[in-house]
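S.K.: Below are the chains, spelled out letter by letter.
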Amino acid sequence: MIRRKTTFSLIGIGTVIAALVVFDSLIGGDWSPLFGGKENFVEFWQEDLWPPDWSLLEARKYPACEASIGFFCSKAYIGMLETIKMAFVATVLGFIGAILLSPLAARNLVPKAISFPVRIFMAATRSLPSLIWAVIFIAIVGLGPLAGVLAMTFYTIGYLGKLQYEEMEGMRSDPLEASRAMGLSRSEITFLVVIPEASNGLLSQLLFMFEYNVRHGTVLGLVGAGGIGYYLNFYIGLFMYRQVMTFIIVIFVVVVLLDLLSMFIRSFVNEESDVKRPSWKTIFLPPEAAVKEHLEKTDE
Amino acid sequence: MNHANSKPLVTLNDLTVGYDEPLVSKINMEIRPGEIISIVGSSGIGKTTLLRTIAGLVKPLEGSINLNIQPRGGLGYIPQKLGLIRHASVAHNVGLGARAGTSFKEDPLTWWKRRNQRVNDAIELMGLSDKADEPTRRLSGGQQKRVATARTLAQQPQLLLADEFLSELDEDNIDVVVRAVINYLEESNAAMILIEHNIERAVEISHRTFSVREGKLTELSDFGSEQE
Ligand SMILES: Nc1ncnc2c1ncn2[C@@H]1O[C@H](COP(=O)(O)OP(=O)(O)OP(=O)(O)O)[C@@H](O)[C@H]1O
Ligand SMILES: [Mg+2]
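From first to last, the protein sequence lines stand for chains A and B. So for the first sequence, the working numbering puts the first residue at 1; every next one is plus one. So for the second sequence, the working numbering puts the first residue at 1001; every next one is plus one.
Accuracy of the hints is not assured; some may be wrong.
Said to hold, decoys possible - List time: in silico SDA-like cross-link candidates among lysine to any residue, alpha-carbon distance up to 25 Å:
| hint | chain 1 | residue 1 | chain 2 | residue 2 |
| --- | --- | --- | --- | --- |
| 1 | A | 112 | B | 1056 |
| 2 | A | 85 | A | 58 |
| 3 | B | 1131 | A | 191 |
| 4 | B | 1059 | A | 186 |
| 5 | B | 1081 | A | 177 |
| 6 | B | 1081 | A | 107 |
| 7 | A | 112 | B | 1020 |
| 8 | B | 1007 | B | 1208 |
| 9 | B | 1113 | A | 185 |
| 10 | B | 1059 | A | 108 |
Since the hints were derived computationally from the structure, they do not count as laboratory data.
Please build the complete structure, drawing on both the sequences and the hints.
M.R.: Set out below in structure tokens:
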């Protein structure tokens, strides 16, 4: 037992040392930019990044704004909304593709002769980042959101599919055995036993994937596949970093909000929430205040 | 009751069960419609393995099993861990049994109705009507056992394999569950193999009681004394 523990710590220490050695060789042993880098960054920050150009949150001049609130005609809003729409469509389509394929990749549900090729296909769609898929789809369908949606869908099938079949393989075997003994068909077992039993995990993965796709959707515009990345790319090309900064802040805020939203939705399916469910308010409060608020609520 | 002249539902021929090593060897047994068989034996001896082998979930190491029942819905199985879908409702779980036990082809127009009827009847019989829409993970241990029983009652199998589904139930629950299952078996002339750790209860419920010891299955002729 003790020997096992020491072995694990030695492996741990060895890994950290190996990482430092590899790092050193990557940068050719020259660590000086890391220290000189600080002044560079402060200068860059003060002269080029701050303050951000908030005018991007106001209505753009052309075409004329028809919304009553100018923000809804701003470049930030239009770009971000397009990215979110693309991520939404790709996540839904990718989820459908993944949920149909993943039961065919789970080794506790199908023979190896089926699961193996399906896994290979999923691994292939996952092997390239969505940015590279976007370049490929642009070559096929041209510039714009269609290429972005296809790229993200493709990647989602491989990535979400892997998470899903792992979830399915981890499920308890007794519901499977009971339904197999009863004589239920393979598709009945998949849709009425496996998917409901795995539903909690599948839902959190779906929300995670949406958030992931929003984040990655922001870079797809860099290659011309639509969304807020188009503007990012545009301003980076013109060295207009104050404008870039505005978009970065918008992306940051949206991602944080999505994270909170998905946390809130997931709280409805967590098993702990059978006992207690957080209210909308608590996710915005600091931890101690949230606990207090929760206790007051349950006292009623 | 005389079970002797009907055709056996299950015939075990020199059956040896186990995973890599044999656990129970050379079992010969016939089970006829209406019969209740119980199996006792100490923990880890291979009782569950025997039941899973009969259910077709584990391959026999040697010998064979002849099942004379419908491939769909003919065999009911209540695993030791019950096999409930934790995130699905009581009605959904019971519905799986009803689905396996009702034929769509027989009469597609009434299938939906027949199935729902079975689900509702079984849930009511097990006293779970007010829990029908609740996910089963929120039920107590005793309630979960009643859900698994309701699932089997809605299925109406010809042969029921039940793995210790009475243990850890209080007397009231046992009464309700045992009476409902035995009623069903008698009405439909169905058979049951029950694994039960309480020998007295096993003898009381069943027509024949078997014990697993030292890798062999032997029948107990009277309570306490063994027949070779
Ligand atoms: N899937 C498996 N693969 C290999 N060995 C197993 C497997 N399942 C059970 N065993 C082993 O087989 C033996 C018999 O297990 P089994 O579950 O049949 O016992 P049991 O008689 O039902 O015991 P209990 O009364 O505790 O339920 C045990 O030693 C167990 O560790
Ligand atoms: Mg057992």
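S.K.: Now tell me, hint by hint, if it's right for this structure.
M.R.: Structure-based check of all given hints:
no.	hint	in the structure
1	A:112 <-> B:1056	holds, 19 Å
2	A:85 <-> A:58	holds, 21 Å
3	B:1131 <-> A:191	holds, 23 Å
4	B:1059 <-> A:186	holds, 19 Å
5	B:1081 <-> A:177	holds, 11 Å
6	B:1081 <-> A:107	holds, 22 Å
7	A:112 <-> B:1020	holds, 21 Å
8	B:1007 <-> B:1208	holds, 17 Å
9	B:1113 <-> A:185	holds, 21 Å
10	B:1059 <-> A:108	holds, 16 Å
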